[in-house]
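Colleague: All chains, full assembly: derive it from the sequences and hints.
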Amino acid sequence: QPTEAFFAMTRLFQSNDQTLRRMCYLTIKEMANISEDVIIVTSSLTKDMTGKEDVYRGPAIRALCRITDGTMLQAIERYMKQAIVDKVPSVSSSALVSSLHMMKVNYDVVKRWINEAQEAASSDNVMVNHALGLLYHLRRNDRLAVSKMLNKFTRSGLKSQFAYCMLIRIASRLLKESEEGHDNPLFDFIESCLRNKHEMVIYEAASAIIHLPNCTARELAPAVSVLQLFCSSPKPVLRYAAVRTLNKVAMKHPSAVTACNLDLENLITDSNRSIATLAITTLLKTGSESSVDRLMKQISSFVSEISDEFKVVVVQAISALCQKYPRKHSVMMTFLSNMLRDDGGFDYKRAIVDCIIGIIEENPESKETGLAHLCEFIEDCEHTVLATKILHLLGKEGPRTPTPSKYIRFIFNRVVLENEAVRAAAVSALAKFGAQNENLLPSILVLLQRCVMDSDDEVRDRATFYLNVLQQRQLTLNAAYIFNGLTVSIPGMEKALHQYTLEPSEKPFDMRSVPLATAPAFEQKAGIGLAGIVRLRTKLRRPPKMAPPQSSSSQQLASIPEFKNLGPLFKSSEAVQLTEAETEYFVRCIKHVFSNHIVFQFDCTNTLNDQLLEKVTVQMEPSEAYEVLRCIPAPNLSYNQPGMCYTLVRLPLDDPTTVACTFSCTMKFTVRDCDPNTGMPDDDGYDDEYVLEDLELALSDHVQRILKPNFAAAWEEVGDDYEKEETFALSTIKSLEEAVNNIVKFLGMQPCERSDKVPENKNSHTLYLAGLFRGGLDVLVRARLALGDGVTMQVTVRSIVQTPVDVILASVG
Numbered sequence: 001q002p003t004e005a006f007f008a009m010t011r012l013f014q015s016n017d018q019t020l021r022r023m024c025y026l027t028i029k030e031m032a033n034i035s036e037d038v039i040i041v042t043s044s045l046t047k048d049m050t051g052k053e054d055v056y057r058g059p060a061i062r063a064l065c066r067i068t069d070g071t072m073l074q075a076i077e078r079y080m081k082q083a084i085v086d087k088v089p090s091v092s093s094s095a096l097v098s099s100l101h102m103m104k105v106n107y108d109v110v111k112r113w114i115n116e117a118q119e120a121a122s123s124d125n126v127m128v129n130h131a132l133g134l135l136y137h138l139r140r141n142d143r144l145a146v147s148k149m150l151n152k153f154t155r156s157g158l159k160s161q162f163a164y165c166m167l168i169r170i171a172s173r174l175l176k177e178s179e180e181g182h183d184n185p186l187f188d189f190i191e192s193c194l195r196n197k198h199e200m201v202i203y204e205a206a207s208a209i210i211h212l213p214n215c216t217a218r219e220l221a222p223a224v225s226v227l228q229l230f231c232s233s234p235k236p237v238l239r240y241a242a243v244r245t246l247n248k249v250a251m252k253h254p255s256a257v258t259a260c261n262l263d264l265e266n267l268i269t270d271s272n273r274s275i276a277t278l279a280i281t282t283l284l285k286t287g288s289e290s291s292v293d294r295l296m297k298q299i300s301s302f303v304s305e306i307s308d309e310f311k312v313v314v315v316q317a318i319s320a321l322c323q324k325y326p327r328k329h330s331v332m333m334t335f336l337s338n339m340l341r342d343d344g345g346f347d348y349k350r351a352i353v354d355c356i357i358g359i360i361e362e363n364p365e366s367k368e369t370g371l372a373h374l375c376e377f378i379e380d381c382e383h384t385v386l387a388t389k390i391l392h393l394l395g396k397e398g399p400r401t402p403t404p405s406k407y408i409r410f411i412f413n414r415v416v417l418e419n420e421a422v423r424a425a426a427v428s429a430l431a432k433f434g435a436q437n438e439n440l441l442p443s444i445l446v447l448l449q450r451c452v453m454d455s456d457d458e459v460r461d462r463a464t465f466y467l468n469v470l471q472q473r474q475l476t477l478n479a480a481y482i483f484n485g486l487t488v489s490i491p492g493m494e495k496a497l498h499q500y501t502l503e504p505s506e507k508p509f510d511m512r513s514v515p516l517a518t519a520p521a522f523e524q525k526a527g528i529g530l531a532g533i534v535r536l537r538t539k540l541r542r543p544p545k546m547a548p549p550q551s552s553s554s555q556q557l558a559s560i561p562e563f564k565n566l567g568p569l570f571k572s573s574e575a576v577q578l579t580e581a582e583t584e585y586f587v588r589c590i591k592h593v594f595s596n597h598i599v600f601q602f603d604c605t606n607t608l609n610d611q612l613l614e615k616v617t618v619q620m621e622p623s624e625a626y627e628v629l630r631c632i633p634a635p636n637l638s639y640n641q642p643g644m645c646y647t648l649v650r651l652p653l654d655d656p657t658t659v660a661c662t663f664s665c666t667m668k669f670t671v672r673d674c675d676p677n678t679g680m681p682d683d684d685g686y687d688d689e690y691v692l693e694d695l696e697l698a699l700s701d702h703v704q705r706i707l708k709p710n711f712a713a714a715w716e717e718v719g720d721d722y723e724k725e726e727t728f729a730l731s732t733i734k735s736l737e738e739a740v741n742n743i744v745k746f747l748g749m750q751p752c753e754r755s756d757k758v759p760e761n762k763n764s765h766t767l768y769l770a771g772l773f774r775g776g777l778d779v780l781v782r783a784r785l786a787l788g789d790g791v792t793m794q795v796t797v798r799s800i801v802q803t804p805v806d807v808i809l810a811s812v813g
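Note that the UniProt record's numbering gives residue 405 to position 405 of the sequence shown, counting from 1, and the numbers run on in steps of one.
Warning: the hint list may mix true and false statements.
As the list claims (entries may be wrong) - Below, simulated DSSO-like cross-link-like pairs (lysine-lysine); rule was C-alpha separation at most 30 Å, straight line:
#: 1; residue 1: Lys248; residue 2: Lys757
#: 2; residue 1: Lys152; residue 2: Lys87
#: 3; residue 1: Lys297; residue 2: Lys248
#: 4; residue 1: Lys324; residue 2: Lys297
#: 5; residue 1: Lys396; residue 2: Lys745
#: 6; residue 1: Lys29; residue 2: Lys111
#: 7; residue 1: Lys235; residue 2: Lys297
#: 8; residue 1: Lys615; residue 2: Lys285
#: 9; residue 1: Lys564; residue 2: Lys615
#: 10; residue 1: Lys87; residue 2: Lys248
#: 11; residue 1: Lys724; residue 2: Lys668
#: 12; residue 1: Lys248; residue 2: Lys324
#: 13; residue 1: Lys757; residue 2: Lys367
#: 14; residue 1: Lys152; residue 2: Lys176
#: 15; residue 1: Lys285; residue 2: Lys176
#: 16; residue 1: Lys297; residue 2: Lys367
#: 17; residue 1: Lys285; residue 2: Lys389
#: 18; residue 1: Lys87; residue 2: Lys47
#: 19; residue 1: Lys564; residue 2: Lys507
#: 20; residue 1: Lys104; residue 2: Lys47
#: 21; residue 1: Lys235; residue 2: Lys248
#: 22; residue 1: Lys248; residue 2: Lys176
#: 23; residue 1: Lys52; residue 2: Lys111
#: 24; residue 1: Lys757; residue 2: Lys252
#: 25; residue 1: Lys87; residue 2: Lys104
#: 26; residue 1: Lys252; residue 2: Lys762
#: 27; residue 1: Lys148; residue 2: Lys87
To be verified - Restraint ranges, calculated between C-beta atoms of paired labels, are given here:
#: 28; residue 1: Tyr107; residue 2: Thr501; range: 55 to 63 Å
#: 29; residue 1: Asp347; residue 2: Asp789; range: 49 to 57 Å
#: 30; residue 1: Thr670; residue 2: Ser595; range: 51 to 59 Å
#: 31; residue 1: Glu119; residue 2: Gly51; range: 21 to 29 Å
#: 32; residue 1: Lys297; residue 2: Ala421; range: 35 to 43 Å
#: 33; residue 1: Asp655; residue 2: Glu506; range: 27 to 35 Å
Since the hints were derived computationally from the structure, they do not count as laboratory data.
Glycine included, C-beta positions come from ideal geometry on N, C-alpha and C.
Modeller: Below, the structure is given as structure tokens:
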């Protein structure tokens with residue numbers, strides 16, 4: 001029992017055996033959390049703490065503070081103050097470290113020891129540098145006090161290199177929070193530490209400069225020069241620290257590290273493989289296009305000697321180099337294929353496969369070479385995940401190559417030799433070849449016929465399904481069921497089907513009621529305006545505590561009686577803030593779009609502790625023919641407790657092309673004043689209102705992103721029954737990349753076939769976009785862009801009905 005052990009342990013405090021006594025202190029610290037009676041050794045520890053034997057005093061202090069709670073701390077406060085300024089460095093150091101831990105228990109008591117900590121900070125002994133850390137933590141919430149402390153110690157100088165490192169870290173934190181940038185005495189102090197006699201301080205200063213935000217190459221130069229010297233140090237730890245830090249610099253400022261390339265090349269043959277790996281990956285980030293061939297040769301002799309973990313790092317660096325110098329893809333592809341043949345684990349092989357796939361997608365001319373390497377790899381691939389991934393790529397890219405037939409053998413071999421998951425993926429890949437290549441279709445049908453007798457039900461089902469689709473020889477069926485398939489959310493489909501079975505109906509199940517799978521979000525880059533009508537509003541705010549996000553918007557809205565008959569939810573937008581974060585009321589809006597209605601959900605927070613708001617609604621006045629039907633109030637908003645109110649708006653049915661609208665919003669409510677201390681409201685209230693920012697409804701709110709892996713097939717599937725084409729001049733846009741970014745942002749549709757990536761030095765480009773218009777209507781856009789004085793855009797829109805076509809062209813115009 002712990003209690004019995006502690007009682008017995010008190011007898012050991014009479015022993016003069018130093019090792020035994022130290023074991024007692026360690027045991028007390030370890031068992032402090034598992035016994036409530038640990039307090040019985042307090043008197044023994046206090047006696048040792050104030051005794052004459054210095055060798056016991058430090059460990060006794062650390063053990064005593066481990067078992068002391070906030071209420072007992074005052075009892076030993078006098079002893080702790082004396083220990084902090086003790087002349088024995090080990091005792092003072094123990095007291096300072098214990099004080100740092102005790103701050104978490106009782107900050108107010110420890111704060112009273114600040115004078116003793118200041119006295120200890122002037123000690124010349126390196127063991128007492130903890131005093132500086134204690135002073136910082138006691139003052140960290142007072143920026144002015146921390147600045148004064150830094151000025152004092154930077155001027156007086158310190159003898160401890162550890163204390164210098166602590167000062168550098170504190171100065172670095174202040175610089176990151178400062179708006180003065182690098183024109184600050186603190187930056188000058190850090191830079192001066194680059195000339196310190198201690199290597200530890202020099203490295204700490206260099207590392208601090210490199211990690212400062214918004215550093216220019218000129219400001220980085222002194223730190224890089226110091227790290228360059230460390231690269232040739234005889235100490236492995238300094239070489240490792242230097243090359244690791246230079247590797248980080250190379251990510252943001254590769255030009256700043258170029259001067260170190262010769263030193264880095266010398267490190268490739270370093271006996272420490274960690275140093276060699278970092279050196280080669282840094283060179284891959286900083287090397288020029290002309291040095292790629294030489295680097296690949298150096299890596300070849302180096303890769304076989306390192307572990308898989310380091311190999312993955314090298315592959316990731318090669319991947320970055322491929323993006324930087326796309327014309328060197330053939331050299332790097334050959335190197336990667338050789339690495340693929342070597343022994344290695346799953347993570348290593350996956351990194352190489354991902355890198356090769358990335359090269360294929362970025363460089364169309366490398367497609368056949370890359371596919372050939374991957375075909376060779378799956379012949380001996382032991383990893384199901386990688387085999388299915390490669391088969392999916394073959395099915396996507398193989399049919400579009402000049403000689404698609406050469407891939408059939410590799411794919412069908414998987415049906416014969418592999419497990420059921422790989423066989424199923426191979427069947428899907430074969431079907432894509434048959435759907436796109438008329439001359440291969442008879443052979444594909446024969447192969448699929450063989451798969452119908454497979455032992456696995458998934459393989460049999462896929463083969464039977466694809467066989468029946470392909471035998472119809474209809475392009476629309478191929479596009480719908482083989483090329484692009486379903487883009488619905490699987491959990492959403494399961495819920496919708498379950499709901500359909502609970503409510504029997506004569507109507508067939510409608511796939512439009514199923515929510516879509518989320519397409520990859522498009523990253524909007526800098527740029528404003530599409531023909532002068534795209535407006536971006538950027539506001540940096542820190543919102544207060546808001547309501548947690550709902551697991552399902554449709555379930556949340558369905559629970560409100562007024563919204564039950566609106567039909568399936570089409571789309572929910574991101575939250576838009578309608579107030580500044582620092583104002584008395586914080587409001588943000590989420591737009592829930594249905595076929596003929598929009599529900600505006602307002603998340604409101606009352607930040608005033610002397611008010612209770614009741615019957616909170618948001619009144620909206622539209623600039624267009626939108627009709628506000630009703631407002632659902634939030635019953636009350638108490639202090640800092642989020643609440644929700646709703647406004648239901650009907651879309652203009654007589655003019656469906658009217659999709660853009662601006663709503664002026666006013667929050668109306670009844671105020672009851674409260675006692676800030678008790679929170680009790682007055683009996684009487686009064687009506688009040690608060691004007692919010694305008695809320696904009698744009699075309700992108702009516703469109704859902706949907707990915708079409710094969711845009712050409714989807715284009716033919718939709719057909720040209722409802723097609724329109726118009727030409728626009730985007731005179732304010734000066735580059736194709738800017739035009740693509742703004743078009744995607746404005747239309748709110750999903751780029752297909754990687755058409756959002758504009759090749760370099762091109763004067764023309766074609767952008768393919770796919771989406772669903774409100775109500776579940778497929779809509780496709782092909783935008784041909786030509787660069788001249790501005791950008792000329794020829795837009796062709798197709799849909800399964802007329803309305804989405806008219807809406808998109810009217811909005812762009």
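Colleague: Each hint needs a verdict: does it hold in this structure or not?
Modeller: For each hint, the structure was consulted:
At most 30 Å may separate the alpha-carbon atoms for a hinted pair to count; lysine 248 and lysine 757 meet this at roughly 27 Å. This hinted pair checks out: lysine 152 and lysine 87 have alpha carbons roughly 23 Å apart, not beyond 30 Å. With a C-alpha separation of about 24 Å, the suggested pairing of lysine 297 with lysine 248 holds against the 30 Å cut-off. Only pairs whose Cα atoms come within 30 Å are accepted, and lysine 324 paired with lysine 297 is accepted, the gap being roughly 19 Å.
Annotation: proposed proximity of lysine 396 to lysine 745 holds, straight-line Cα distance about 27 Å (limit 30 Å). Restraint check for lysine 29 and lysine 111: the C-alpha separation of about 24 Å stays at or below 30 Å, so the hint holds. For the suggested pair lysine 235 and lysine 297, the alpha carbons sit about 28 Å apart, so the restraint of at most 30 Å is met. Proposed proximity of lysine 615 and lysine 285 is contradicted: the alpha carbons are some 60 Å apart, above 30 Å.
In summary, the hint linking lysine 564 to lysine 615 is supported, as the alpha carbons are separated by about 22 Å, within the 30 Å threshold. Restraint check for lysine 87 and lysine 248: the C-alpha separation of about 43 Å exceeds 30 Å, so the hint is violated. Proximity of lysine 724 to lysine 668 is assessed by CA-CA distance (about 45 Å); at most 30 Å being required, the pair is judged violated. Between lysine 248 and lysine 324, the direct Cα distance comes to roughly 17 Å. Compliance with the 30 Å bound is thereby established for this hinted pair.
Among the hinted pairs, lysine 757 with lysine 367 is consistent with the structure: their alpha-carbon atoms are about 17 Å apart, no more than 30 Å. As the CA atoms of lysine 152 and lysine 176 are separated by approximately 20 Å, the hinted pair is consistent with the 30 Å bound. Restraint check: the Cα-Cα separation between lysine 285 and lysine 176 comes to about 26 Å, which is no more than 30 Å; the hinted pair holds. For a cut-off of 30 Å, the pair hint linking lysine 297 to lysine 367 stands: about 23 Å separates their Cα positions.
Distance restraint check for lysine 285 and lysine 389: the Cα-Cα separation of roughly 28 Å lies within the 30 Å cut-off, and the hinted pair is therefore satisfied. A hinted pair counts as satisfied when its Cα atoms are at most 30 Å apart, and lysine 87 with lysine 47 qualifies at roughly 19 Å. Simply put, lysine 564 and lysine 507 have alpha-carbon atoms about 18 Å apart, close enough for the 30 Å limit, and the pair holds. Taken as a hint, the lysine 104 and lysine 47 pair is honoured in the structure, with Cα atoms around 25 Å apart against an allowance of 30 Å.
Of the supplied pair hints, the one linking lysine 235 and lysine 248 holds, its CA atoms being roughly 21 Å apart against a limit of 30 Å. With a C-alpha separation of about 18 Å, the suggested pair lysine 248 and lysine 176 falls inside the 30 Å cut-off, and the hint holds. At roughly 28 Å between alpha-carbon atoms, lysine 52 and lysine 111 fall within 30 Å of each other, so this suggested pair holds. Using a Cα cut-off of 30 Å, the hinted pair lysine 757 and lysine 252 holds, with the two alpha carbons roughly 22 Å apart.
With a C-alpha separation of about 26 Å, the suggested pairing of lysine 87 with lysine 104 holds against the 30 Å cut-off. Proximity of lysine 252 to lysine 762 is assessed by CA-CA distance (about 27 Å); at most 30 Å being required, the pair is judged to hold. Distance restraint check for lysine 148 and lysine 87: the Cα-Cα separation of roughly 26 Å lies within the 30 Å cut-off, and the hinted pair is therefore satisfied. Taking 55 to 63 Å as the suggested C-beta distance range, the pair tyrosine 107 and threonine 501 conforms, at roughly 60 Å.
Range check, aspartate 347 to aspartate 789: Cβ separation about 51 Å, and the 49 to 57 Å hint holds. Checked against the given bound of 51 to 59 Å, the beta carbons of threonine 670 and serine 595, roughly 35 Å apart, lie outside it. Distance hint check: the CB atoms of glutamate 119 and glycine 51 are about 23 Å apart, consistent with the given range 21 to 29 Å. Remark: the range hint 35 to 43 Å for lysine 297 to alanine 421 is upheld by a beta-carbon distance near 39 Å.
Between aspartate 655 and glutamate 506 the Cβ separation comes to about 34 Å, which falls inside the hinted range of 27 to 35 Å.
When each numbered hint is compared with the structure, violations occur for hints 8, 10, 11, 30.
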